[in-house]
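Engineer: Make a model of the complete structure from these sequences and hints.
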Amino acid sequence: MSVTDIQTPSEPRDRSTFSRWLSMLWADKLAFFAALFLLVVVLCALVGPLLFGDLATRQNLRGRNAPPFDLSNGWAYVLGADALGRPLLLRIIVAAQNTMMVAAGAVLCSAVIGSGLGLVAGYSRKRAAQWIMRLGDVIMSFPSLLLAVIVLYMLEPSVANIIIVLAITRIPVYLRTTRAEVLEIRERMFVQAARVMGASDRRIVFRHILPVVLPTLVTIATLDFAFVMLAESSLSFLGIGIQAPEITWGLMVSQGRQYLTTAWWLSFWPGLAIILTTLSLNLLSNWLRIALDPAQRWRLEMRGRRNG
Amino acid sequence: MAEHLLEVRDLSVEFHTAAGTVKAVQNVSWHLDRGETLAILGESGSGKSVSASAVMNLIDMPPGRITSGRVLLNGRDMLAMTAEERRRINGARIAMIFQDPLAHLNPVYTVGWQIAEMVTTHGGAARDAQARALELLGRVGIPDPQAAMGRYPHQFSGGQRQRLMIAMALAMKPDILIADEPTTALDVTVQAQVLALLEELQQETGMGLLLITHDLGVVAEIADRVVVMNNGQIVETGLAAEVYRNPQHPYTRKLIDAAPGKGQMPQARDRSGAPLLRAENLHKHYGAFHALKGVGLTIMPGETVAVVGESGSGKSTLARAILRLDDPDSGSILYRGQDLMTMTPRQIFGLRRDLQMVFQDPTQSLNPRMTVFQLISEAWVIHRDILPKAQWKARVAELLVKVGLRPEHAARYPHQFSGGQRQRIAIARALAMEPKLIVCDEAVSALDVSIQAQVIALLDGLRREFGLSYLFIAHDLPVVRDFADRVIVMKSGQIVDEGPVREIFEAPGHPYTRALLAASLDPDPEVQAARRQARASQEERIPA
Chain A
1 MSVTDIQTPS
11 EPRDRSTFSR
21 WLSMLWADKL
31 AFFAALFLLV
41 VVLCALVGPL
51 LFGDLATRQN
61 LRGRNAPPFD
71 LSNGWAYVLG
81 ADALGRPLLL
91 RIIVAAQNTM
101 MVAAGAVLCS
111 AVIGSGLGLV
121 AGYSRKRAAQ
131 WIMRLGDVIM
141 SFPSLLLAVI
151 VLYMLEPSVA
161 NIIIVLAITR
171 IPVYLRTTRA
181 EVLEIRERMF
191 VQAARVMGAS
201 DRRIVFRHIL
211 PVVLPTLVTI
221 ATLDFAFVML
231 AESSLSFLGI
241 GIQAPEITWG
251 LMVSQGRQYL
261 TTAWWLSFWP
271 GLAIILTTLS
281 LNLLSNWLRI
291 ALDPAQRWRL
301 EMRGRRNG
Chain B
1 MAEHLLEVRD
11 LSVEFHTAAG
21 TVKAVQNVSW
31 HLDRGETLAI
41 LGESGSGKSV
51 SASAVMNLID
61 MPPGRITSGR
71 VLLNGRDMLA
81 MTAEERRRIN
91 GARIAMIFQD
101 PLAHLNPVYT
111 VGWQIAEMVT
121 THGGAARDAQ
131 ARALELLGRV
141 GIPDPQAAMG
151 RYPHQFSGGQ
161 RQRLMIAMAL
171 AMKPDILIAD
181 EPTTALDVTV
191 QAQVLALLEE
201 LQQETGMGLL
211 LITHDLGVVA
221 EIADRVVVMN
231 NGQIVETGLA
241 AEVYRNPQHP
251 YTRKLIDAAP
261 GKGQMPQARD
271 RSGAPLLRAE
281 NLHKHYGAFH
291 ALKGVGLTIM
301 PGETVAVVGE
311 SGSGKSTLAR
321 AILRLDDPDS
331 GSILYRGQDL
341 MTMTPRQIFG
351 LRRDLQMVFQ
361 DPTQSLNPRM
371 TVFQLISEAW
381 VIHRDILPKA
391 QWKARVAELL
401 VKVGLRPEHA
411 ARYPHQFSGG
421 QRQRIAIARA
431 LAMEPKLIVC
441 DEAVSALDVS
451 IQAQVIALLD
461 GLRREFGLSY
471 LFIAHDLPVV
481 RDFADRVIVM
491 KSGQIVDEGP
501 VREIFEAPGH
511 PYTRALLAAS
521 LDPDPEVQAA
531 RRQARASQEE
541 RIPA
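Chains as they are written, first to last, in the UniProt record's numbering: chain A, 1 to 308; chain B, 1 to 544.
Hint data in this document are derived by calculation from the structure and do not stem from the laboratory.
Calculated cross-link-like contacts (lysine to aspartate or glutamate; reagent style EDC-like; alpha-carbon spacing at most 20 Å):
| no. | chain 1 | residue 1 | chain 2 | residue 2 |
| --- | --- | --- | --- | --- |
| 1 | B | K293 | B | D497 |
| 2 | B | K254 | B | E236 |
| 3 | A | K126 | B | D327 |
| 4 | A | K126 | B | D326 |
Structural biologist: In structure tokens:
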């Protein structure tokens, strides 16, 4: 019995599902541009290192801390250059890969593990639920940076290890939220109705409880995205995160800090990239929450029709 | 023309919602005099509460907007007053009580403090306020008022909380008391007491009482005049007895006809043969609370058994035990001779097909994120052998038609339906299992009277068509009168009375059944007047 067993009967609709979702996205202009921006970021992450990998690491000592908006050195230097004369624009594009990998990996891992454990802890009344909650308490009582320092000191500071460390420290957030919501939803009448029909526990959890919790989890995950990016940069700052010559946006921000008074652009542009990415994710998750809720969806469908 | 105590003239209110402008009430006019009880009668969505909200300045503006009309208190237009003036009137001259007293009492303060606060906010001295609060608690019939002053709202029962609300409302000796569905959340016996208290207090103080209700019985019991509302408009107004005897408007006629307890009672049926379900000696404890004390019942094939009791009587616990949602502590439940209590989970799973349930509140019992098609076809996803997948669509359409909906409703979500339609969806979902027995746990209590009658008629028709049996849980006797074959009356975890429906209604054996029957309100004002008289003479004979 899988989750996708039930399908909505395909109604005679003049538009396909894809174009319906697209028009709902267009109805919320902010979310539309947020999605566009994220698409660009993902593209950068995928092809950036292949295209500009060499250019981004080539030093140009004559162009050290070159100011932005000066096209005399070519288009690559439009956002200026860093302390070793490397073009900032290309470095941001190339760094997108590592940044996205660490942030998305850590958020995805912690969200899946955390909410999975939360569902178990909330739904079953067995002793395992108690153990899961105490485990969450243990993780929470540990300063997350300290934990990261210890683990990364013992292990190799690689992208994979950083993802693991960051994921572990963020698990309790999802664990506790999911458990609290499940405890409430479990007592709702429609869950009782499913039990009367003879639905299995798995079906109740995945078909009836999870879809109700999901919007909350998505919202937390997008907020966490920004947190993880900054946490990764502080690890890099301490020298146990991503190691040069690898780059991430967080690392670029911390490298530019000593030049803040003389060359603000070193930290500003990667910082802006972080802000725009998290902002876009927030806008998009807000739209998703409405689009996924059948009782709220008309807001998007209406607006699309009225304003065109 | 004489000046009325409170008069609403040509009031129109509209609300701006995302779906467009909704005209909540249109050109509504009524008046209330001293010592009089006016009832505004209407079903949900009729706009019956809106004019009272306008009087109390409770309409949020925006999204609400009063487009026309005046609200005159002793001839002065309240809508033209400043906010400060209106605040001085609210609570002091016009007071209000609500349906759910627990939601309107602050849980972190003692009730004595809250009643006294009413006095102090309107400029009374703290010591006088305490004395007044004590006096009021005694007046509304709270036992041991001195001790009650220091207690918190959760320490009182539902009926007592409504008494507390009344005490708060009366603190400033208002000229007008507005009661918005004051007894809807209460048990019938408690309802009768609260209404009697309201009437007594009105005679004592001479205040005008504005009662907002959906219940014809409440109107018959207490109202002098009645205003019937439908779709934001007044359809009929007049003396309560007059309107009941001689309704002019078709809507009023429909409302009066829909009131339960007027049809033919079914004949007692032959109960020989093998029972469908037999429960014996069920016990259930929740901590120290003994919810079921050795309860047993028998349901024959094709029979409707009603279990009636007030809140806390154990009737829902009994239903949940029979469906094995909450296992009883001891006792046996035999379904066609097999014991449910000793069954393995696999056997229970097979049994789920035969035993289905329809819940009280369809808003909560339907998953808001599933379409009607998904809701109904879930039965066949869980029980694979009922129907091959190719036939699901046709069968859903068929079931929807059967419960009075349309096949194209299958693609919609529950929130796009009204309360009565949602309950029909829930019934269709239960029918999808092709069950033998449906347990209806207060399945019609949350619905409007006219919808209630339709849903009961639907259930009765389905019973005849499919040969179903029902276990029908209700808190009110008249609802089950036209529908049930047998009635079981429960009180504090025990069955106090049981028998064919005629016997229970025409010759009730147990005093509690008699009390329940006496407390339930008849929609006919003359019947109610006669009952009141009988009660009064009884009280004279037996001094309390």
